[in-house]
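Number of protein chains: 2
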Amino acid sequence: MAKGEGMIGPNMATMLCCVVTDAPLEAEQAQRLLLHAANRSFNNISVEGHTSTNDTMVLLANGLAGGDKLNAADEAVFSQHLEAMCIELAKQIPADGEGATHLIEIRVTGAASEADARKISHEIACSNLVKCAILGGDPNWGRIVSAAGYAGVPLDPKQLGLKVNSIELFAMGEPVAFDAKVASAAIRGSFDTLIELTVGQGKGECTHWTSDLTVEYVQFNSEYTT
Amino acid sequence: MAKGEGMIGPNMATMLCCVVTDAPLEAEQAQRLLLHAANRSFNNISVEGHTSTNDTMVLLANGLAGGDKLNAADEAVFSQHLEAMCIELAKQIPADGEGATHLIEIRVTGAASEADARKISHEIACSNLVKCAILGGDPNWGRIVSAAGYAGVPLDPKQLGLKVNSIELFAMGEPVAFDAKVASAAIRGSFDTLIELTVGQGKGECTHWTSDLTVEYVQFNSEYTT
Numbered sequence: 001m002a003k004g005e006g007m008i009g010p011n012m013a014t015m016l017c018c019v020v021t022d023a024p025l026e027a028e029q030a031q032r033l034l035l036h037a038a039n040r041s042f043n044n045i046s047v048e049g050h051t052s053t054n055d056t057m058v059l060l061a062n063g064l065a066g067g068d069k070l071n072a073a074d075e076a077v078f079s080q081h082l083e084a085m086c087i088e089l090a091k092q093i094p095a096d097g098e099g100a101t102h103l104i105e106i107r108v109t110g111a112a113s114e115a116d117a118r119k120i121s122h123e124i125a126c127s128n129l130v131k132c133a134i135l136g137g138d139p140n141w142g143r144i145v146s147a148a149g150y151a152g153v154p155l156d157p158k159q160l161g162l163k164v165n166s167i168e169l170f171a172m173g174e175p176v177a178f179d180a181k182v183a184s185a186a187i188r189g190s191f192d193t194l195i196e197l198t199v200g201q202g203k204g205e206c207t208h209w210t211s212d213l214t215v216e217y218v219q220f221n222s223e224y225t226t
Numbered sequence: 001m002a003k004g005e006g007m008i009g010p011n012m013a014t015m016l017c018c019v020v021t022d023a024p025l026e027a028e029q030a031q032r033l034l035l036h037a038a039n040r041s042f043n044n045i046s047v048e049g050h051t052s053t054n055d056t057m058v059l060l061a062n063g064l065a066g067g068d069k070l071n072a073a074d075e076a077v078f079s080q081h082l083e084a085m086c087i088e089l090a091k092q093i094p095a096d097g098e099g100a101t102h103l104i105e106i107r108v109t110g111a112a113s114e115a116d117a118r119k120i121s122h123e124i125a126c127s128n129l130v131k132c133a134i135l136g137g138d139p140n141w142g143r144i145v146s147a148a149g150y151a152g153v154p155l156d157p158k159q160l161g162l163k164v165n166s167i168e169l170f171a172m173g174e175p176v177a178f179d180a181k182v183a184s185a186a187i188r189g190s191f192d193t194l195i196e197l198t199v200g201q202g203k204g205e206c207t208h209w210t211s212d213l214t215v216e217y218v219q220f221n222s223e224y225t226t
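Chains as they are written, first to last, in our numbering: chain P, 1 to 226; chain V, 1 to 226.
Pulled out of the complex, with its shape left as it was, chain P reads as follows:
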């Protein structure tokens, strides 16, 4: 169970989440598995990047399923299911962001580390220019690549590759020839947008989900007072 609110930033967001299981988890194990899942789900979503002060995510395991402590193989299966469920819940928060017309998935691969991939995916996700481009159905590789460029991670442009909705826009440091009308129609025609950036340095990966930035977002957040 998860509930999002305003102030959705890339550090759990304003969020209440309670995961329950009857698996026989020990406290240390439950905390470790939950942190792993949070770092691939609720810590990777944003609407406007404004991290809230109030977030709670708990995993309650009452052990009613019985049996011994999970062994490594069982734990791996449990962890996979926990992560998948948290991702499913986490994505619903930006999908329901104020005025959102697109859910944008930013998948960064090939970074030197997961930490580097995280910095890059979060920087792209928090760029108003990227979010406006997706609103407008604009396959604007320059805004995406330049956001990656200021993430504080040394990048070699010649190693970068970018696809939006599986259409290649940028490869080996150069824009590639693509049909702008087709690429634009692919963005406009789908609520889900997939941005895939390869960095060409290693095996670090991170995926971040955000919403587009719309007129309705601005109206909503300027016209109400809290």
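Accuracy of the hints is not assured; some may be wrong.
Unchecked claim - List time: in silico SDA-like cross-link candidates among lysine to any residue, alpha-carbon distance up to 25 Å: (1) V/K181 x P/F220; (2) P/K181 x V/F220; (3) P/K119 x V/N54; (4) P/K119 x V/G152; (5) P/K91 x P/V77; (6) P/K158 x V/Q219; (7) V/K119 x P/L155; (8) V/K91 x V/L70; (9) P/K158 x V/T56; (10) V/K119 x P/P154; (11) P/K119 x V/S52; (12) V/K3 x V/V19; (13) P/K158 x P/F220; (14) P/K181 x V/Q219; (15) V/K91 x V/N165; (16) P/K91 x V/Y150; (17) P/K119 x P/E168.
Stated by the list, open to error - Per label pair, the in silico range of CB-to-CB distance: (18) V/E174 x P/A27: 34 to 42 Å; (19) P/V58 x V/H81: 56 to 64 Å; (20) V/F220 x P/D179: 21 to 29 Å; (21) P/A84 x V/F220: 33 to 41 Å; (22) P/A84 x V/G200: 41 to 49 Å; (23) P/E216 x V/S113: 37 to 45 Å; (24) P/V176 x V/V20: 37 to 45 Å.
Calculated directly from the structure, the hints in this document are not laboratory data. The beta carbon of each residue, even a glycine, is placed where N, CA and C say it ideally should be.
Based on the hints, put chain V in the right spot on chain P.
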């Protein structure tokens, strides 16, 4: 002479600036003074926080004024004037930001260091929620204080103080009683908005300038393709 463009982020922004002087500056001296001024002007402005890849700021000194190398006292005077001029030029960039209806000055004082003050002022300046609040004339202390809170600087809420357009909204960790209509009218009635946050830790200061986030900003940046 300075010219701003799109992608105005807190690291010089997309900007071309050329400062000329006939003062007898040496190269090391000119570079040092220019960096000092840039760190208090062009490196402290943003519109959407998307740092550009293309920025140039140069100081040309032909020495035609003659005389010896500036001594410490003269250098201090020159530095003050250079900084003041750069601030004046830098402020014009967010003031002319796409769709801007407010120029927001964020003045952070009392931080443990200038670096800490910089992190806090930049985080507030890049918050879409703060920028929307100013658009709407909303003296929303919660959005401002919480943005300071996620800047990565340890803060004691009880030491924080906040004024917007000289009206105290928050002191010693608590909102204070203020006339919301008066505070709102003060924001709505002026293009210039002054946010003053005191942190109560030391002598570190930083001032950042940004624009509000408006419907026109979103329309402009979603409807054109580059």
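**Study point:** Broken hints, by number
**Key:** 6, 8, 13
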